[in-house]
Amino acid sequence: MTTIISANPSIRDIEQLLYQEASFLDKPDLDRWIELYTEDGTYWMPAREDQEDPEFELSHIYDDHVMMEIRRRNFVHPRAASKDYKIRCSHIISNIQMAELDASTGDCTITSNFHALVNYMGEQRMYGGSYTHRLTKDKDGYKIRHKRVDLINCEEPQKSMIIYL
Amino acid sequence: MKYSNEQLAQLIEPTRVHRKVYLDPDIFDMEMERIWGSAWIYIGHESQVKTPGEYATATMGNKVPVIMVRDKDSKIHVLHNRCGHKGAKLVDQASGKVSAFRCCYHGWTYRIDGKLVGVPNMPGYEGTGFDKSDPQYSMQKVAQYDSYRGFVFATLDPTAPKLTTWMGAGMAECLDNLCDRSPEGEVEVIGKPMRYVHDCNWKMFTENLNDGMHPMVVHQGVVDAALQYMKTVPEDSAERSEAEIIPPFGASYEHFESTDLFAYQYGHHYDGGRTSIHAAYSVPNDYEQLMIAAYGQKKTREILTFNSHNTMYYPSLTTKTAVQNIRVVRPISVNKTIIESWSFRLKGAPDNMLKRTILYSRLINSSFGMVGPDDLTAYYRMQNGLESNGSDWIEMHRHYGRDEDKGDYIHGLLTGDLDIRTQYKAWKDYMTREQLAQEVA
Ligand code: FES
Ligand SMILES: [Fe+2]
Numbered sequence: 018m019t020t021i022i023s024a025n026p027s028i029r030d031i032e033q034l035l036y037q038e039a040s041f042l043d044k045p046d047l048d049r050w051i052e053l054y055t056e057d058g059t060y061w062m063p064a065r066e067d068q069e070d071p072e073f074e075l076s077h078i079y080d081d082h083v084m085m086e087i088r089r090r091n092f093v094h095p096r097a098a099s100k101d102y103k104i105r106c107s108h109i110i111s112n113i114q115m116a117e118l119d120a121s122t123g124d125c126t127i128t129s130n131f132h133a134l135v136n137y138m139g140e141q142r143m144y145g146g147s148y149t150h151r152l153t154k155d156k157d158g159y160k161i162r163h164k165r166v167d168l169i170n171c172e173e174p175q176k177s178m179i180i181y182l
Numbered sequence: 085m086k087y088s089n090e091q092l093a094q095l096i097e098p099t100r101v102h103r104k105v106y107l108d109p110d111i112f113d114m115e116m117e118r119i120w121g122s123a124w125i126y127i128g129h130e131s132q133v134k135t136p137g138e139y140a141t142a143t144m145g146n147k148v149p150v151i152m153v154r155d156k157d158s159k160i161h162v163l164h165n166r167c168g169h170k171g172a173k174l175v176d177q178a179s180g181k182v183s184a185f186r187c188c189y190h191g192w193t194y195r196i197d198g199k200l201v202g203v204p205n206m207p208g209y210e211g212t213g214f215d216k217s218d219p220q221y222s223m224q225k226v227a228q229y230d231s232y233r234g235f236v237f238a239t240l241d242p243t244a245p246k247l248t249t250w251m252g253a254g255m256a257e258c259l260d261n262l263c264d265r266s267p268e269g270e271v272e273v274i275g276k277p278m279r280y281v282h283d284c285n286w287k288m289f290t291e292n293l294n295d296g297m298h299p300m301v302v303h304q305g306v307v308d309a310a311l312q313y314m315k316t317v318p319e320d321s322a323e324r325s326e327a328e329i330i331p332p333f334g335a336s337y338e339h340f341e342s343t344d345l346f347a348y349q350y351g352h353h354y355d356g357g358r359t360s361i362h363a364a365y366s367v368p369n370d371y372e373q374l375m376i377a378a379y380g381q382k383k384t385r386e387i388l389t390f391n392s393h394n395t396m397y398y399p400s401l402t403t404k405t406a407v408q409n410i411r412v413v414r415p416i417s418v419n420k421t422i423i424e425s426w427s428f429r430l431k432g433a434p435d436n437m438l439k440r441t442i443l444y445s446r447l448i449n450s451s452f453g454m455v456g457p458d459d460l461t462a463y464y465r466m467q468n469g470l471e472s473n474g475s476d477w478i479e480m481h482r483h484y485g486r487d488e489d490k491g492d493y494i495h496g497l498l499t500g501d502l503d504i505r506t507q508y509k510a511w512k513d514y515m516t517r518e519q520l521a522q523e524v525a
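Top to bottom, those sequences are chains S and V.
Quick note on the working numbering: the first sequence kicks off at 18 and runs consecutively.
Quick note on the working numbering: the second sequence kicks off at 85 and runs consecutively.
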């Protein structure tokens with residue numbers, strides 16, 4: 018059952034976490050972004066609508082901690098031609114809803130919509146779709162255990178993109 | 085302005101090509117007619133259309149829309165996606181299932197094998213000379229189509245040699261290997277393709293496949309990133325072994341220098357054979373046992389030690405046999421190409437094999453990956469740099485004169501330009517064929 022987030026006491030924390038993630042991706046600053054994720058955190062961008070599995074079917078991205086660590090180092094490497102071009106992004110997140118809440122631990126699943134305006138290689142692009150964040154609570158607050166990015170055009174041909182959305 | 089055969093021939097020299105082949109829209113149009121209108125083009129895999137009435141669409145060259153469909157006798161046809169009445173495309177989805185093709189415009193209907201069966205309000209045609217049973221009003225079959233080990237190809241040229249002749253035994257062996265890696269000898273498509281927009285001429289992609297001089301330069305960033313990361317985790321950790329999949333993308337010149345390249349007729353070629361950057365990948369024990377049960381020890385070893393790494397069925401299909409991934413070239417315009425990636429499941433193999441196939445494809449074929457975007461940046465810069473009229477020529481000398489002619493094939497090394505010279509030999513043959521040239525004139 019979907020509960021409107023304003024009914025939940027931790028709304029501010031959760032919104033802030035999503036906004037903070039978006040601001041790290043806007044810059045982009047992957048060194049700080051990765052710290053928002055748990056050690057077993059994953060990032061998934063399916064290549065098909067309603068895709069159920071990240072490992073047995075192609076995805077645009079399915080990164081665990083190892084791949085995130087490699088990606089963040091690659092992102093700033095001076096000898097990666099695709100990174101020669103400055104990239105700037107502007108993320109807008111809206112329609113934030115709590116889809117699931119485990120009242121005993123505070124762990125929850127948050128759904129939202131996003132638009133990301135991205136300027137890369139001399140052109141401005143618009144990405145959009147929905148996010149699903151699985152958040153987990155520890156003593157320092159919430160972290161991201163899993164993020165799923167469903168692009169509305171995930172089945173269409175895509176151009177090179179060097180950053181998480 | 086179109087080019088004469090003589091002018092076309094002058095664009096290709098033994099060790100260099102003229103930049104116009106990548107830049108001129110007229111040449112692109114002629115390629116679509118003479119190469120893509122004549123070679124066998126990969127359409128799809130039989131497992132995309134498992135039951136009667138299931139279809140999948142494709143485009144041959146940059147324009148010709150076709151439908152691969154399974155008829156009620158389970159036979160696969162490749163039909164033009166054009167209504168026999170006024171030409172509307174009959175289906176406009178990537179895939180689907182129908183009991184008949186029904187045109188969205190005036191409702192003509194066709195059996196799933198393409199035969200026209202229904203024309204509404206027939207009396208209006210009485211006495212007009214229109215004959216519904218005349219085959220010209222049915223959906224037209226593509227000139228020739230055939231499949232090899234489930235891989236369906238078609239050609240628009242009725243005079244083209246048979247598929248197996250065009251492919252040749254050496255290239256057929258590569259598709260055999262891809263399928264034989266299944267204990268049941270069959271593969272099936274998994275999911276939908278990922279499609280990647282390349283802002284470059286289609287040949288820049290096909291010429292990079294076996295370019296053994298670029299990985300250590302282009303992919304240095306991701307390799308360094310992986311190596312740096314590996315230093316931060318313990319020697320025998322799971323993290324480290326996961327990261328180990330990356331460094332081979334930037335293997336040394338020595339490594340690529342010791343990888344063989346086999347060049348065949350019609351522009352086909354592959355690298356690897358019995359050694360390649362992936363030869364060291366071990367296979368899981370449970371899978372190996374299933375293979376041995378199916379094929380016996382000796383044959384299993386033969387299958388698993390053969391690896392045609394990047395395999396080009398010029399101009400449209402490239403395969404990686406050891407990891408069951410294929411990429412399909414779909415040219416759009418002189419400076420735009422779409423590359424489709426498809427992954428296959430080895431029937432009868434454990435799930436961990438499919439997981440490996442998918443992981444590999446995601447790493448190298450995704451437009452959001454850490455490998456592809458660096459290759460694409462290089463193609464994009466070539467496409468733009470070649471607009472300079474500072475020089476008209478692109479060289480392809482490497483190892484020229486050292487390749488060995490073995491009769492059926494030419495043997496070279498992955499660091500040479502044999503693959504590119506082979507493609508341009510075929511390019512020139514297709515582009516300057518007398519018969520086609522006359523049709524165009
Ligand atoms: S165009 Fe198809 S029925 Fe008229
Ligand atoms: Fe590459």
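For the record, the hints were derived by calculation from the structure and aren't laboratory data.
Beta carbons: idealized from backbone N, C-alpha and C, even for Gly.
Check each hint, because a few of them may be wrong.
Residues on chain V that point at chain S, a partial pick, calculated with CB under 7 Å [as the list claims (entries may be wrong)]:
id, residue
1, 160
2, 270
3, 273
4, 275
5, 320
6, 427
7, 431
8, 434
9, 444
10, 448
Quick list of in silico lysine-lysine cross-link-like pairs, DSS-like style, CA-CA up to 27 Å [as the list claims (entries may be wrong)]:
id, chain 1, residue 1, chain 2, residue 2
11, V, 134, V, 104
12, S, 100, V, 86
13, V, 383, S, 176
14, V, 383, V, 156
15, V, 104, S, 176
16, S, 176, S, 44
17, V, 512, V, 490
18, S, 103, V, 156
19, V, 216, V, 159
20, V, 383, V, 512
21, S, 100, V, 134
22, V, 509, V, 86
23, S, 176, V, 159
24, S, 176, S, 100
25, V, 431, S, 160
26, V, 383, V, 276
27, V, 276, S, 176
28, V, 225, S, 176
29, V, 86, V, 159
Hint by hint, which ones does this structure get wrong, listed from lowest number up? The structure conflicts with hints 1, 2, 3, 5, 7, 8, 9, 10, 11, 12, 13, 14, 18, 20, 21, 23, 25, 26, 28 and 29, although it agrees with all the remaining ones.
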